[in-house]
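Peer 1: Residue strings, one per chain:
Number of protein chains: 4
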Amino acid sequence: MHRILSLIPALLLLAGLSAAAQNLNRRELPEMELSHARRLLQVPSVDGFIPLKCDFHMHTVFSDGEVWPRIRLDEAWTDGLDAIAITDHDNYRPHKDFVSGNYTTSPAIVYQEAAERGILVIPAIEVTRKMPPGHVNAFFIPDTDIPELHDTSRIAFMTAMTKLHHMGALMVWNHPGWAAQQKDTVKWFGIHETMLMNGWLNGIEVFNTSEWYPVALQWAVEKNLAPFANTDVHGPIRSVYNYSEGFIRPMTLVFATERTKEALHDAIVAGRTVAWFDGMLAGHPPLLAKLFAKSVSSARIQNRGGKTTWMISNTTDLAIELKGTSAEWKGTLSLPPRSAGNLTVKEDISSLPVEVTNWHTGMKQCLTTDLLLGN
Amino acid sequence: MHRILSLIPALLLLAGLSAAAQNLNRRELPEMELSHARRLLQVPSVDGFIPLKCDFHMHTVFSDGEVWPRIRLDEAWTDGLDAIAITDHDNYRPHKDFVSGNYTTSPAIVYQEAAERGILVIPAIEVTRKMPPGHVNAFFIPDTDIPELHDTSRIAFMTAMTKLHHMGALMVWNHPGWAAQQKDTVKWFGIHETMLMNGWLNGIEVFNTSEWYPVALQWAVEKNLAPFANTDVHGPIRSVYNYSEGFIRPMTLVFATERTKEALHDAIVAGRTVAWFDGMLAGHPPLLAKLFAKSVSSARIQNRGGKTTWMISNTTDLAIELKGTSAEWKGTLSLPPRSAGNLTVKEDISSLPVEVTNWHTGMKQCLTTDLLLGN
Amino acid sequence: MHRILSLIPALLLLAGLSAAAQNLNRRELPEMELSHARRLLQVPSVDGFIPLKCDFHMHTVFSDGEVWPRIRLDEAWTDGLDAIAITDHDNYRPHKDFVSGNYTTSPAIVYQEAAERGILVIPAIEVTRKMPPGHVNAFFIPDTDIPELHDTSRIAFMTAMTKLHHMGALMVWNHPGWAAQQKDTVKWFGIHETMLMNGWLNGIEVFNTSEWYPVALQWAVEKNLAPFANTDVHGPIRSVYNYSEGFIRPMTLVFATERTKEALHDAIVAGRTVAWFDGMLAGHPPLLAKLFAKSVSSARIQNRGGKTTWMISNTTDLAIELKGTSAEWKGTLSLPPRSAGNLTVKEDISSLPVEVTNWHTGMKQCLTTDLLLGN
Amino acid sequence: MHRILSLIPALLLLAGLSAAAQNLNRRELPEMELSHARRLLQVPSVDGFIPLKCDFHMHTVFSDGEVWPRIRLDEAWTDGLDAIAITDHDNYRPHKDFVSGNYTTSPAIVYQEAAERGILVIPAIEVTRKMPPGHVNAFFIPDTDIPELHDTSRIAFMTAMTKLHHMGALMVWNHPGWAAQQKDTVKWFGIHETMLMNGWLNGIEVFNTSEWYPVALQWAVEKNLAPFANTDVHGPIRSVYNYSEGFIRPMTLVFATERTKEALHDAIVAGRTVAWFDGMLAGHPPLLAKLFAKSVSSARIQNRGGKTTWMISNTTDLAIELKGTSAEWKGTLSLPPRSAGNLTVKEDISSLPVEVTNWHTGMKQCLTTDLLLGN
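Line order of the protein sequences matches chains A, B, C and D. Taking the numbering used here, the leading residue of the first sequence gets 3, the next gets one more, and so forth. Taking the numbering used here, the leading residue of the second sequence gets 3, the next gets one more, and so forth. Taking the numbering used here, the leading residue of the third sequence gets 3, the next gets one more, and so forth. Taking the numbering used here, the leading residue of the fourth sequence gets 3, the next gets one more, and so forth.
Simulated from the structure, these hints should not be mistaken for laboratory data. Where hints are given, some of them may not hold.
Since the list gives no way to pick one copy over another, a pair counts as held whenever it fits inside one copy or between any two copies.
To be verified - Straight-line Cα separation of at most 25 Å, BS3-like style, residue types lysine-lysine; simulated pairs: (1) 292 to 332; (2) 325 to 185; (3) 332 to 185; (4) 325 to 263; (5) 325 to 296; (6) 165 to 325.
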């Protein structure tokens, strides 16, 4: 059959058809609406730990955000997140002339709906200080008021951190490279060293909003901190990011024993996090190496003239950029989410040394590992 | 040149390049962000009246919406609107435990920024009653409190309408076909007739959110009401609609002498509005006919064998679906926004009777007009 | 951090950055190019049979197509197909003044590259007759010339079919509802009955290009034919279909023991095919039921007040539209590719009767099956 | 009205609706198809010259391309081109075992349909030599055979150029920075100087496929050559470029007195061309300056405190990146196609010195001009 392509645009025609099928009182046009189905992102488990997709930094009208807390839940649902922390500021509340409540209010408003939807909401606060120490998120905070949080002095900050730590909270240094606080440098200050030494600091944002901080990843690896990628979203998420085809919201992958707050807490303490943003990963080398091994597979396509062609498959939503580093294969292979590509090597090769150039393991390093053939 | 296409995805490669060009402290990834440039939608002027792009129905946290008022301004800017009305409910305020203020607060919060941006914000309220009369928007309302608005009785409603009308407000009946208020019917009640007779009713929504009401357009045409298409948006606009390629937010086109509130008011009173939604228009026949004449042009492509091929161009952002209704041309021609198409007719034809099948002029009617050739 | 969104569009900025990083001789702009990575579509195996993604109907310049054969391979690679059949017409060759060769030439040109890429190319021909019998594709055809194919008489057709059948070819009736051959009807003619009785007819297209034929699916189910969905593409595939976000090219899923031509042949003979087009499936009820069971899973989200909320996950690229058909659950649940949704039922319910409204099993039937909870 | 968003994806629902409205024989699914309406790109006229959108470099099966010539016409129609040149190679014809004809065949095949559609097809050839001189396109070539084109010697090339020039052909040096011919350098060779001196060289590609050559633009400006941006497309255009939202195919804008081949010829000779690719322009400074003046307009938004806010509008499909270069305004303003943005300056300022950073006028220069306020 040789069809002449219709010049009638699909939606207009469909609108007409649907019109014909309905009454003249009310015609629904659902093609205009965004689907609110929950997106499932494919990331493999590692060592039996399941990957929880999390965003640990976001705001609402209860501090300087511009959405009602329920919107954060709705966005998390649609984007496929397992857990969120609403981190309204402790003392910065520009809408307070009209909005009462504080950082404890926003999570409280959504707890019940979160339970019904199956999304974990971690009680949290953004402790907001000038640099140093800058902004620090505290998670799993208690319901008790901590008076020192209302005092912006250094000494009160240290006391608040002590109390929070003893109450079981986890602390993360936010956007260490934010230009408003460190324009030309990104420094590790004495107060951060003290926090680290005291065991108060569990993680660090290596990515925030649309910025990434390679030096912060270097610190995470060297000082054994959990790396985080968070949105720090203030407005509606879809007015911040360009959700064009294939866009995946920045997030922190937490590899946990199960989908509970307790398991999430323990996984952060154990440092089992990976920052995921803009088609890149940033994390500790051993965890990324295991994740890589679970993300790719190979299938023999053709043996010919002493050479074998392999199809390398990436069934995940992670992007993988391979670069061969041995004489056996010096090429590059790009494996966007859920894609495959071929490479040809000598017949008896069963593993290839590679760099995964978009999986960062340090300020200037990326993952170096082996690609197994025939697994 | 015969290029082998690179297998390296563009964004990843670019991320790498930009990385190379920057320092290790902070790498900005602006490709992740949504552009907040102001969109310019092309709609022609008619009889010297310029088309103001407007959305006259939206909510914020000050009634049952879920965004801060500034977000409405930001969305209007990005979507290219000239004027908005924030229409928080009079008495329905589910967030009132945390949010003080009322329907006057939301516009007040944005007036200054609106003036700087060049967006008109019309003071408004959604008078929220059971059907009949259902929900009624009042625009250009005074700053004075109208006590009767706090009383949901029929008599108080009528008094409020009287007062509002005498203070210069304009009234529009919202979503007459909303299933929650009229499940199986869409009726014109006695109270609507009274409002019409008293001159209190200036317009009617023929479209709301993602529903359109052909019967309401019929009333608009017969009773000389201004037709409106409004979003009635409660959450972030980009979580309501699917802003995929080419999507244009529903809006009301108001043909006014200039871009001022006064001109907008007068244009509504004069009924110079067109509802625009999902690639369709709904309006009064004479206005649509003039708009059509300004939207299309023709250019001679070829004369051959006594026939002429014309290229018909649509330089606007309106979609135009043509259907020939004479023996001279019985075809169809689809002209999506900013597109052209060809048709061939006898050499001496200078005008063709057509229907514009996606420009509605009644419950079952679309615009019938002439397509001029050689203009 | 409260970021002011940059007004600089990402691509322009990136172009600038990449410029800075390169020399002034040549600046590559890979962001302009389409990725040619191989797409992996997720469809589950059934009873140990793996789903081969196939398109069994396409043309090249060697009949009335408008692309070189290699383009068909390239399109198949990018779209994630496992097997294709290039089905150039036997006697219709409008480009023959310039192009020599025939229906055997197009596959021959691509065999070697196909082997390297890992795509199966089935030798095939479109036997092109007026209705009845209309157009019939023959697959797994021999390399021998069949003189009767050059003769358009009924008797020659029957002889050719006999020969082809005895040589091991499989036959499929193409686009039985094509308006050019059956404008107002879709009839099963005597010649089709004869072909069926003689064992010459293995399958029928229930979908072609952008048309689907419910009556043909009914015949497939009743007469035990394999249903096919094929593109019948003549021009470049991306100028035929709108590859907007999420678009999946129409294809036939063949459930085979392995990825070989032999296994493909046997699976078609056994009728293990499913037509997949426009977010819909069409197939035999038992196969669709098994496919459904492998496509969805459930996880308990919350027990509360004697009720359990379940998250139903669809990890496949198939769209699934559920409708409850029992008193326990009468709702609808839409599960687009790789998505999840929640539903709440009584605590002790472990299975729900549902219809899968977009999985067709007959002219007016869709799949009825059970959704297991707690599996 | 507070709507609960439907979970039913639009297309599936619409498919269902359209199904209901049709018979069981054949259901058309036009939403799957690409619209083949002709796109209208908005570029202003300059000095009364209208902008013809052209692609002067493309291949078909008659040399090393992989599509039938009609596809080039179809792509040009959809992409809104006014003129194309099919430039099949003189001596490189890898498909010649199956395809007869030569570089004259491909345009001949499409002339009639081109005339009906209103697209100019310029007779052309790609004279394909090693560097130097590399590949040279000749346009407006005669119907006569030029025997020297079959001889790859230097002397035959010079003779062919002489003949072509005297027969009225125009010559353009293609992809001077192609890595296959000049890997690490981009040199202007003696033979190019000779061609220039003899008046044989009319233009140079500053962009080809997805590469741009800043040094070639520098030559164009210094040596008074017309700059070109061409696709050099071999496969289907939509398998080469990523036609995601807003993508505009690379093209050469030719500012001509009218839409005829003669006017096109004269405009090239006069050097009135601009290369347009990936949101950038490259051209001679005076022409770009005039184009800029016609592309932007300003409207007063607010006077306040001695300052005026202006809305700057870009109604074209060109992207414009402004950077202020005076003390009055040192900001940046990004104006994507059909967008606007605001800037605030002192009340009495009526013009601002700016750079248009994405409009290139040399190897390291961009357009410097004045932005008029109040025009």
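Peer 1: Run every hint past the structure and note whether it holds.
Peer 2: Now for the hints, and whether the structure bears them out:
1. 292 to 332: Answer is within; shortest intra-copy Cα gap is 23 Å, inter-copy 44 Å.
2. 325 to 185: between (34 Å within a copy, 22 Å between copies)
3. 332 to 185: between (39 Å within a copy, 20 Å between copies)
4. 325 to 263: neither (38 Å within a copy, 33 Å between copies)
5. 325 to 296: within (18 Å within a copy, 36 Å between copies)
6. 165 to 325: neither (48 Å within a copy, 50 Å between copies)
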